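2 protein chains.
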Amino acid sequence: MLDVAIIGGGPAGLTAGLYATRGGLKNVTMFEKGMPGGQIMNSSEIENYPGVSQVMSGMDLMASWPEQCQRFGLKHEMVNVEKVSRNKNGTFTIHKDDGSTEDALSVIVGTGSTPKRAGFKGEAEFFGKGVSTCATCDGFFYKNKEVTVIGGGDTALEEAVYLAGICSKVYLVHRREEFRAAPSTVERAKNTENIEFVLNSKPDEVFGDMMGVQGIKVATPEGIRQLDTTGVFIFVGNDVNNGVLKDENGNFICDVTEWGEVVVDLKMKTSVDGLFATGDMRLDAPKQVVVAAGDGATAAIGAISYVMEHK
Amino acid sequence: MLDVAIIGGGPAGLTAGLYATRGGLKNVTMFEKGMPGGQIMNSSEIENYPGVSQVMSGMDLMASWPEQCQRFGLKHEMVNVEKVSRNKNGTFTIHKDDGSTEDALSVIVGTGSTPKRAGFKGEAEFFGKGVSTCATCDGFFYKNKEVTVIGGGDTALEEAVYLAGICSKVYLVHRREEFRAAPSTVERAKNTENIEFVLNSKPDEVFGDMMGVQGIKVATPEGIRQLDTTGVFIFVGNDVNNGVLKDENGNFICDVTEWGEVVVDLKMKTSVDGLFATGDMRLDAPKQVVVAAGDGATAAIGAISYVMEHK
Numbered sequence: 001m002l003d004v005a006i007i008g009g010g011p012a013g014l015t016a017g018l019y020a021t022r023g024g025l026k027n028v029t030m031f032e033k034g035m036p037g038g039q040i041m042n043s044s045e046i047e048n049y050p051g052v053s054q055v056m057s058g059m060d061l062m063a064s065w066p067e068q069c070q071r072f073g074l075k076h077e078m079v080n081v082e083k084v085s086r087n088k089n090g091t092f093t094i095h096k097d098d099g100s101t102e103d104a105l106s107v108i109v110g111t112g113s114t115p116k117r118a119g120f121k122g123e124a125e126f127f128g129k130g131v132s133t134c135a136t137c138d139g140f141f142y143k144n145k146e147v148t149v150i151g152g153g154d155t156a157l158e159e160a161v162y163l164a165g166i167c168s169k170v171y172l173v174h175r176r177e178e179f180r181a182a183p184s185t186v187e188r189a190k191n192t193e194n195i196e197f198v199l200n201s202k203p204d205e206v207f208g209d210m211m212g213v214q215g216i217k218v219a220t221p222e223g224i225r226q227l228d229t230t231g232v233f234i235f236v237g238n239d240v241n242n243g244v245l246k247d248e249n250g251n252f253i254c255d256v257t258e259w260g261e262v263v264v265d266l267k268m269k270t271s272v273d274g275l276f277a278t279g280d281m282r283l284d285a286p287k288q289v290v291v292a293a294g295d296g297a298t299a300a301i302g303a304i305s306y307v308m309e310h311k
Numbered sequence: 001m002l003d004v005a006i007i008g009g010g011p012a013g014l015t016a017g018l019y020a021t022r023g024g025l026k027n028v029t030m031f032e033k034g035m036p037g038g039q040i041m042n043s044s045e046i047e048n049y050p051g052v053s054q055v056m057s058g059m060d061l062m063a064s065w066p067e068q069c070q071r072f073g074l075k076h077e078m079v080n081v082e083k084v085s086r087n088k089n090g091t092f093t094i095h096k097d098d099g100s101t102e103d104a105l106s107v108i109v110g111t112g113s114t115p116k117r118a119g120f121k122g123e124a125e126f127f128g129k130g131v132s133t134c135a136t137c138d139g140f141f142y143k144n145k146e147v148t149v150i151g152g153g154d155t156a157l158e159e160a161v162y163l164a165g166i167c168s169k170v171y172l173v174h175r176r177e178e179f180r181a182a183p184s185t186v187e188r189a190k191n192t193e194n195i196e197f198v199l200n201s202k203p204d205e206v207f208g209d210m211m212g213v214q215g216i217k218v219a220t221p222e223g224i225r226q227l228d229t230t231g232v233f234i235f236v237g238n239d240v241n242n243g244v245l246k247d248e249n250g251n252f253i254c255d256v257t258e259w260g261e262v263v264v265d266l267k268m269k270t271s272v273d274g275l276f277a278t279g280d281m282r283l284d285a286p287k288q289v290v291v292a293a294g295d296g297a298t299a300a301i302g303a304i305s306y307v308m309e310h311k
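Respectively, the protein sequence lines represent chains E and R. Numbers 1 to 311, taken from this note's numbering, label the letters of the first sequence in order. Numbers 1 to 311, taken from this note's numbering, label the letters of the second sequence in order.
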């Protein structure tokens with residue numbers, strides 16, 4: 001029986017492992033099929049993780065984490081978890097994709113979320129080299145430059161306004177005339193001088209060279225229009241990686257929002273005792289490395305207390 | 001008019017400054033009379049800030065933060081803030097101890113909390129050299145060793161149980177026979193084998209040498225008893241540094257708990273629009289550098305959105 005099973009090996013899972021083992025728990029396993037580090041590993045530049053002042057790649061930022069977080073006894077099992085189920089006695093069972101299972105007193109989930117792709121030429125090729133899905137992370141790299149935003153929902157319009165505060169101009173490319181975003185958000189975007197709306201239009205191709213994006217071609221009602229922006233931000237939705245929390249009938253074992261984000265309180269507790277959710281998958285996540293790491297620490301402190309009580 | 005006024009220069013305030021300025025706000029000032037870095041600067045060893053894998057002093061950990069967090073235009077004003085008041089038009093006024101004031105659209109408070117002293121000989125002298133007020137931070141340094149805990153409230157008993165999971169033995173020194181802690185918490189501590197209760201007893205003197213604490217003398221009903229523990233953890237209460245949020249009648253301008261912690265949601269929003277609270281002063285704070293830093297990032301993202309809407 002594990003004290004704590006940690007599902008996911010990003011900043012949240014790693015930090016949870018550090019705090020849980022350093023806090024005295026002996027049987028703590030982090031389940032992560034890939035290399036630990038999480039989504040930030042795909043980022044070419046990060047400069048807003050406090051305490052790491054050099055600008056570096058996400059891979060370099062995360063390089064020291066596994067050793068640091070595992071030095072107190074955290075085990076890492078390289079396997080995918082398919083499902084977490086809760087047993088009648090309050091313990092949990094971890095169902096792995098190799099068909100085996102493991103029981104745990106407490107579970108910390110941090111499986112992240114995956115931004116949806118818009119599906120145009122060059123999008124994958126230039127991801128992290130000018131194509132971004134995070135304005136807070138990458139907006140500053142386009143200070144006083146022009147950028148393009150793709151999307152028409154709340155996030156797209158909010159992030160367009162955010163980028164308008166940093167960049168000289170924001171082109172907002174949206175495939176319809178109308179917006180799904182809340183009217184007040186649309187209003188705020190429309191009142192922002194340096195946002196130009198490019199409506200009824202679809203991205204056709206992002207192009208560039210070895211240095212990154214040089215521009216984007218957009219199919220407008222008047223024909224192809226070329227926007228020479230070196231930054232292209234895509235906000236067309238987000239898949240929360242919450243599949244491990246679904247039972248065999250497809251129902252979630254804990255409360256989630258209509259968007260699939262796991263509902264937590266300030267202690268990262270879910271609606272189920274002993275189950276914690278952290279990082280990009282939880283309600284109101286700002287999707288930043290430092291916040292995910294903080295979530296992991298918070299959840300581990302709660303899990304230790306839970307385990308000491310129920311052991 | 002400031003976009004954001006940040007009160008306090010610890011990990012929360014510094015990170016809030018980094019995110020607010022890097023997020024495009026031009027007028028952001030952090031008010032901190034002392035050297036930025038916060039309470040962790042008094043710590044002799046920290047090894048659980050993810051991404052900084054060497055064990056180092058709190059002062060060394062924080063050394064790079066001010067430059068990193070100020071490189072995007074954060075201003076630092078070396079002055080104490082006495083009070084934050086809210087104006088009828090929704091803006092805030094910062095009242096400084098030099099008598100001057102400054103107006104701000106949004107305020108992020110991160111003034112921390114101060115653990116109370118028990119008041120015995122050697123307590124201040126050996127603080128950070130064996131005397132600690134944080135089990136999560138320092139417990140691991142006493143792995144498989146004996147430690148002493150001072151206090152009889154919920155925190156003291158919870159932390160004693162936490163330490164019992166790491167240390168070989170925990171002496172719990174409490175001045176009374178009865179506990180203020182919740183009965184279930186007392187029960188859990190009593191059921192923990194390696195906790196020895198030393199009741200009706202008061203710490204008299206902690207002693208040691210250049211290397212740190214060597215033991216503590218406790219006044220018991222049977223006379224002075226010497227506990228040869230190199231770690232002494234004090235949990236006799238906590239003063240939340242919330243004075244800046246009191247109006248001239250001593251009433252708080254936002255919701256606080258009966259312990260004085262500022263009530264926030266997952267976005268670090270207080271009950272007052274445009275006012276955010278972060279770090280050790282907020283509800284359910286785990287009092288860890290990485291969590292405070294995460295709070296600062298979260299609050300700044302919220303403040304940017306608030307400022308863009310109200311400017």
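Keep in mind that the hints were calculated from the coordinates and are not lab data. Bear in mind that the values here come from a model prediction, so they are computed numbers and not experimental data. Just so you know, not all the hints are guaranteed correct.
[Unchecked claim] Coverage of chain E stretches by chain R, computed from C-beta distances (three or more under 8 Å per stretch; other residues unrestricted):
1. 20–30
2. 87–94
3. 98–108
4. 204–212
5. 221–232
6. 275–281
7. 297–308
Each residue gets a CB set at the ideal place from its N, CA and C atoms; glycine is no exception.
Status of each hint after checking the structure:
Here's how the region 20–30 of chain E fares: 4 of its residues keep a CB closer than 8 Å to some CB of chain R, so the rule of at least three is met and the hint holds. Three residues within the 8 Å Cβ limit are the bar, and the region 87–94 of chain E against chain R gives 0, so the coverage statement is violated. Residues of the region 98–108 of chain E with a Cβ under 8 Å from some Cβ of chain R number 0, which does not satisfy the need for three, so the listed coverage is violated. Under a criterion of three residues with beta carbons nearer than 8 Å to beta carbons of chain R, the stated coverage of the region 204–212 of chain E fails, only 0 such residues being counted.
With a cut-off of 8 Å between beta carbons, the region 221–232 of chain E has 0 residues touching chain R; three or more are needed, and the interface restraint is violated. By the rule of at least three residues with a Cβ nearer than 8 Å to a Cβ of chain R, the coverage given for the region 275–281 of chain E is violated, with 0 such residues. Coverage of a stretch by a chain is defined here by at least three residues with a beta carbon nearer than 8 Å to that chain's beta carbons; for the region 297–308 of chain E and chain R the count is 6, and the condition holds.
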